[in-house]
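Peer 1: Hey, can you work out the whole structure from these sequences and the hints?
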Amino acid sequence: MAKSQPKSTKSTDDQADIQSLVKRLDAILDWFESDDIDIQQALKKYQTGLEYVAKLEAFVKSAKIKVDKINRKFE
Amino acid sequence: MDELILTPSEFVALTNQVLETAYPQVIIEGELSELRVSKQRWVYLKLKDQEAVVDFFGTVYQLKHPLEDGMMVRVTGQPKLSPKWGFSVNIQQITPIGEGSIRRSFELLKAKLSAEGLFDDDKKRPLPEFPKVIGLISSESAAGATDFLTVLNQRWGGVKVKFAQVQVQGEAAASQIVAAIDYFNALSRPVDVLVLTRGGGGLEDLLPFDTEAVARAVAGSASPIVVGVGHEKDVTLADLAADVRAATPTQAASLIVPDRNSLDASLKVIRTRLSGYIQQTVIGLKEAYFGRLNTAINLALSSFEQKLAGSRSALAAFDPQAALKRGYSILSRNGRVVSSVKGLAAGDTIDGKLSDGQITAQINQIN
Numbered sequence: 153m154a155k156s157q158p159k160s161t162k163s164t165d166d167q168a169d170i171q172s173l174v175k176r177l178d179a180i181l182d183w184f185e186s187d188d189i190d191i192q193q194a195l196k197k198y199q200t201g202l203e204y205v206a207k208l209e210a211f212v213k214s215a216k217i218k219v220d221k222i223n224r225k226f227e
Numbered sequence: 128m129d130e131l132i133l134t135p136s137e138f139v140a141l142t143n144q145v146l147e148t149a150y151p152q153v154i155i156e157g158e159l160s161e162l163r164v165s166k167q168r169w170v171y172l173k174l175k176d177q178e179a180v181v182d183f184f185g186t187v188y189q190l191k192h193p194l195e196d197g198m199m200v201r202v203t204g205q206p207k208l209s210p211k212w213g214f215s216v217n218i219q220q221i222t223p224i225g226e227g228s229i230r231r232s233f234e235l236l237k238a239k240l241s242a243e244g245l246f247d248d249d250k251k252r253p254l255p256e257f258p259k260v261i262g263l264i265s266s267e268s269a270a271g272a273t274d275f276l277t278v279l280n281q282r283w284g285g286v287k288v289k290f291a292q293v294q295v296q297g298e299a300a301a302s303q304i305v306a307a308i309d310y311f312n313a314l315s316r317p318v319d320v321l322v323l324t325r326g327g328g329g330l331e332d333l334l335p336f337d338t339e340a341v342a343r344a345v346a347g348s349a350s351p352i353v354v355g356v357g358h359e360k361d362v363t364l365a366d367l368a369a370d371v372r373a374a375t376p377t378q379a380a381s382l383i384v385p386d387r388n389s390l391d392a393s394l395k396v397i398r399t400r401l402s403g404y405i406q407q408t409v410i411g412l413k414e415a416y417f418g419r420l421n422t423a424i425n426l427a428l429s430s431f432e433q434k435l436a437g438s439r440s441a442l443a444a445f446d447p448q449a450a451l452k453r454g455y456s457i458l459s460r461n462g463r464v465v466s467s468v469k470g471l472a473a474g475d476t477i478d479g480k481l482s483d484g485q486i487t488a489q490i491n492q493i494n
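Keeping their order, the protein sequence lines are chains A and B.
First residue of the first sequence: 153, per our numbering; consecutive thereafter.
First residue of the second sequence: 128, per our numbering; consecutive thereafter.
These aren't lab readings, by the way, just hints derived from the structure by calculation.
Keep in mind that the hints are not guaranteed to be accurate.
To be verified - EDC-like cross-link-like pairs, simulated, lysine to aspartate or glutamate; straight-line CA separation at most 20 Å:
1) B:K434 / A:E185
2) B:K469 / A:D190
3) A:K175 / A:E203
Peer 2: Shown next, in the form of structure tokens:
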């Protein structure tokens with residue numbers, strides 16, 4: 153049976169994941185702005201970039217739901 | 128009858144024998160004159176009236192009150208015929224009499240003790256706010272003591288009172304009061320406050336409280352001392368020497384302990400106000416910080432969303448498919464993208480990817 157991660161470690165990993173995604177997305181955008189673009193890589197990077205954006209948008213949506221829950225708890 | 132012929136010594140002895148038998152003690156009142164103190168120990172004075180003068184002899188230890196010529200005084204003493212100095216009365220006790228003399232004696236002693244700093248304000252000690260043990264010096268039969276204890280218990284019951292019974296008027300009063308103060312001073316655990324009190328009385332009744340010994344004992348009390356002599360208008364030397372003067376024994380009790388009922392009422396008001404203040408403060412804090420936190424997190428999320436939207440737009444600009452739709456194509460040869468004419472020759476076959484499909488073409492000419 154897989155052990156569940158302790159909450160503090162899991163949230164740290166999540167935080168690290170988000171930061172890592174942001175960094176990687178920024179890297180992709182920087183690559184597209186460079187002079188030397190390989191078209192094949194461009195296709196792959198484009199797709200990867202969109203995947204990152206989708207994940208980050210999902211994170212923002214989830215964060216908004218959590219904020220609402222917390223607000224209701226302390227009202 | 129045979130004549131009685133005596134020598135001077137025999138006469139003196141016989142006269143003294145008669146005096147001791149008939150008048151062992153006399154009390155004489157008169158105007159004081161020719162008061163003289165010799166070698167700071169021996170006192171010589173005369174009492175006179177309009178027709179006679181009597182000599183008196185004593186020591187300074189009998190002078191409990193300041194005296195000066197012209198005062199009316201009462202002297203208690205033993206008449207004696209001295210073999211060398213003639214007739215005089217040995218002083219046992221001397222006190223001023225009459226309002227004028229008493230007041231004059233008071234003023235003289237007051238000036239003397241005041242000059243020593245006994246009454247200085249900076250020597251006055253504050254009373255403890257909530258005394259636990261009170262020393263009471265008074266007479267059980269005096270109305271003052273009863274009044275004091277009654278008011279004390281009404282205002283703040285449960286205070287321990289250590290009572291020292293003394294006379295509060297008469298010759299013995301001063302020494303007993305001094306002894307009582309000395310007793311309280313000697314306690315291993317001093318009382319929180321000492322009270323010396325009696326009810327009202329005439330000028331002569333209050334004389335013990337105007338003696339030097341009592342004034343000094345009050346000033347030297349180890350515990351803060353309240354004197355309440357029940358004499359509203361006049362102030363005794365004991366009053367002046369005390370840390371706090373009370374006009375009456377009842378006022379003494381009011382000065383020493385708070386009124387429990389009014390204290391309870393004040394505490395209730397304070398409790399209510401404090402409770403309200405704390406509630407308001409907590410609510411204010413909650414509202415202030417909740418609002419700030421909420422705004423902060425929403426701003427952070429909003430900012431992140433905007434950045435993501437920017438990233439999405441930027442990516443869209445780099446979408447290769449969008450370029451194909453605009454009429455561009457991607458050329459490749461042998462599976463590799465061709466981005467230059469270098470390496471190509473007429474007759475070579477190349478593949479082209481268009482927005483809606485692929486083509487294969489042959490190069491006719493390279494410019």
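Peer 1: Within a Cα-Cα threshold of 20 Å, do K434 of chain B and E185 of chain A meet the stated pairing?
Peer 2: Cα-Cα ~17 Å, so holds.
Peer 1: Given the hinted pair K175 of chain A and E203 of chain A, is their Cα-Cα distance within 20 Å?
Peer 2: 14 Å, holds
Peer 1: Between K469 of chain B and D190 of chain A, does the CA-CA distance stay at or below 20 Å?
Peer 2: Given that 20 Å is the threshold and the Cα spacing comes to 17 Å, the pair holds.
Every hint from the earlier list agrees with this structure, and none is contradicted.
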